[in-house]
Amino acid sequence: MNDAQPTAQPTAKRRGRYAIVPHLLLVPFTFVTLYPVLYVVKLALSGTSGATASAAPWPTRFDLSAFSTVVGRTDANGTWLFGAQLWNSLVISLLTTVLGIVLAASAAYGFARFEFPGRRVGLLGFLATQMFPGILTLIPLYVLIEALGLLDTTAGLVLVYATSAVPFCTWTLKGYFDTLPKDLEESAILDGASRLTIFLRIILPLSAPAIAVTALFSFMSAWNEFVLAHTFLSSEASFTLPVQIRNYVGDKEVQWALFAAASLIVSLPVMALFYALERHLVGGLTAGGVKG
Amino acid sequence: MASVELEHLQKRYGDTLVVASLDLQVRDGELLVLVGPSGCGKSTTLRMVAGLEEISAGTLKIGGRVANDLSPRDRDIAMVFQSYALYPHMSVYENMAFGLRIRKLDPADIDRRVRDAARFLELEPLLERRPKALSGGQRQRVAMGRAVVREPAVFLFDEPLSNLDAKLRVQMRIEVARLHERLRATILYVTHDQVEAMTLADRIAVMHKGVLQQVASPDVIYRQPANTFVATFIGSPAMNLWPVTLEADATVAPGAAGGPTFRADGGCVQLTLKGNLGAAAAQLGPGPATLGVRPQDLEPCAENEAELRLRVAVVEPLGAETYVYGNAAEKPFAAASSRDEATVERVASPSIVRLDPQTRPRLGDVIPLRLRAGAGHLFAADGLRVDASGAP
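Top line first, the protein sequences correspond to chains A and B.
The numbering of the first sequence is my numbering, which starts it at 1 and goes up by one.
The numbering of the second sequence is my numbering, which starts it at 1001 and goes up by one.
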């Protein structure tokens, strides 16, 4: 070991010197990545009076009027639109998440633990649905939702989002359930527990990290979704926030400052969630990679 | 408590027969150890008793009642798993109480049972801890506690000590023995470790390739192994087995019973068979057989008395004894030269002898050895032991 050290030190030094080069290369890439975000912040802070034409990404003003306009919007009847739309977004995203997780967790447990005819086809079918662009299902979904009388309703959108989140969530959760030792369930069976008890009291509590990840993904995809919401919702009071953001880009006039401010406001909850769940996320994403 | 009876019990996976028509009884209050190498079907058998594997054919009775179609929860059994199988998100107390809560026992009764078991297993200070905060030995004690609180008719142990280090294994072995002593419970215990089998069992059942080889007390299993498999599987280091040819020895006067005296000739090992071995040989008659001798049943002797010569290849001084591994020395006897190569290859198979600790032979030495009086076993060509002693 001792005679290895003199050679090891210069190697480490050399490695340190070479590390500067990739970092120098990374600086412009970071700048390119951050530029649009910084530009949106700049636009949002430029106020409602009009955007500057400068390409520089840093704010030249600190005007919060765009934020207050976005938050304070009301319709002709005096309904607080922003509040209603925020509520719509929250309710739809939360219901989608809950419904998606309930359906996906029970489906995933079935796929993970039982052998039944159609198991493989079912799993591959779920995977196949993820391979087609979502836009493909837009028209059939519209027909279905219309037939159900759920156009322009929260329930309609929740139904569509939850069912489209189920395949992804099922695969993620099945992957996690596969890593849980079967001994635990067999032990519970001998303890006298039913399958439902095992699922509720053993499997679900142990799968908290995976459920957190899948819940976050469903929440985010519902929260950010635009195309389906734009298609199925028609009255302003039933809009979700992404649909409202799009409305700031009108045919005749583009309200960039409002667009940017609303975008930032919509991003905040997701950022906060990510920050809060960061530890679970890493645990959940790598779950199953390492036993223990 | 209850007995467990396995009648012609069979397990198949498709065309693969994993357990072949097993007949076995675990008596009421008995600790029966099912032992065998990996893949011999012992765990599958245990899981069939537990209800975790379906029984392909045959009858399982627990407490005299046919249990084939009973769900695991209705069999009144508790199982201790090799992996402990503790619920990671529950405290030790909750782990032990889980099964009782599921069965909706009175909370005061649950508490009493858990605390009694915790006291007996010295888990009291750990009741509020989660399994991940426990050592391997503590986890296994919790797993045992979880079984004990259930007060089942039958306990099943599936290689419960395999995950522990050697020192802990000894400690836990004592715990299991204490548990059995205290509860006098019916226990079916599966292990591949013959030391566990020998030390814990009231009776041992040895399995190999899905077939039951022998069921008997540890003493009988060791002293009168039913066949070459049991002979080599139980006892460490394993029994030496040498293929020999039995032939009547005309140069020696007839034996006590009046029949001829037999010689065993295995090329490298040659001896006149006396006592029980002689009687066994007489029973078997001339022809091929296998001679089995435990390492401690060989003793060094003078060159002219040698029945076997061992060329030393490895010496293992263990303090209390020394094991010498080697090959039977090449062509020590005139007869060996006349044998074909394949036979010589076979008889030159590694042999082991236990010597007293002061003996330190050097590598390459040739040690002349003979059998201790009354030692050795003869196995017929089909591997079954020839028992001429009249013992069971």
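I should point out that these hints are in silico values taken from the structure, not numbers from a laboratory.
Treat the hints loosely; a few may be bogus.
[Stated by the list, open to error] Straight-line Cα separation of at most 20 angstroms, DMTMM-like style, residue types lysine to aspartate or glutamate; simulated pairs:
1) A:Lys182 with B:Glu1159
2) A:Lys182 with B:Glu1054
3) B:Lys1132 with A:Asp183
4) B:Lys1061 with B:Glu1005
5) B:Lys1132 with B:Glu1181
6) B:Lys1209 with B:Asp1165
7) B:Lys1209 with B:Asp1193
8) B:Lys1132 with A:Glu185
9) A:Lys182 with B:Glu1053
10) B:Lys1209 with B:Asp1074
11) B:Lys1209 with B:Asp1219
12) B:Lys1061 with B:Glu1007
Point to revise | Straight-line alpha-carbon gap lysine 1209 of chain B to aspartate 1074 of chain B, limit 20 angstroms | key: violated, 30 angstroms
Point to revise | lysine 1209 of chain B paired with aspartate 1165 of chain B [C-alpha distance capped at 20 angstroms] | key: Given that 20 angstroms is the threshold and the Cα spacing comes to 28 angstroms, the pair is violated.
Check your understanding: Keeping to a limit of 20 angstroms between CA atoms, is the pair of lysine 1061 of chain B and glutamate 1005 of chain B held or broken?
Key -> holds, 5 angstroms
Practice item. With a cut-off of 20 angstroms on the C-alpha distance, tell me whether lysine 182 of chain A and glutamate 1159 of chain B pass. Key: Given pair lysine 182 of chain A, glutamate 1159 of chain B holds - Cα atoms ~16 angstroms apart, limit 20 angstroms.
Check your understanding: CA of lysine 1209 of chain B to CA of aspartate 1219 of chain B, is that 20 angstroms or under?
Key -> Roughly 23 angstroms between the alpha carbons, so the hint for lysine 1209 of chain B and aspartate 1219 of chain B is violated.
Exercise for review: Take a quick look at whether lysine 1209 of chain B and aspartate 1193 of chain B sit within 20 angstroms of each other, Cα to Cα.
Suggested key: holds, 16 angstroms
Check your understanding: Would the pair lysine 182 of chain A and glutamate 1053 of chain B pass a check requiring their Cα atoms to be no farther apart than 20 angstroms?
Key -> With Cα atoms ~13 angstroms apart, lysine 182 of chain A and glutamate 1053 of chain B stay inside 20 angstroms; holds.
Review point. Is lysine 1132 of chain B close enough to glutamate 185 of chain A, meaning Cα to Cα at most 20 angstroms?
Key: At roughly 18 angstroms apart (the allowed maximum being 20 angstroms), glutamate 185 of chain A and lysine 1132 of chain B satisfy the hint.
Point to revise | Hint consistency between lysine 182 of chain A and glutamate 1054 of chain B [alpha-carbon to alpha-carbon, up to 20 angstroms] | key: holds, 16 angstroms
**Study point:** Pairwise hint evaluation, aspartate 183 of chain A against lysine 1132 of chain B, where the allowed Cα distance is 20 angstroms at most
**Key:** holds, 16 angstroms
Practice item. Mind checking the alpha carbons of lysine 1061 of chain B and glutamate 1007 of chain B for me, to see if they're no more than 20 angstroms apart? Key: With Cα atoms ~8 angstroms apart, lysine 1061 of chain B and glutamate 1007 of chain B stay inside 20 angstroms; holds.
Point to revise | Pair hint lysine 1132 of chain B and glutamate 1181 of chain B, alpha-carbon separation not exceeding 20 angstroms | key: violated, 30 angstroms
Checked against the numbered hints above, the structure breaks hints 5, 6, 10 and 11 and satisfies the rest.
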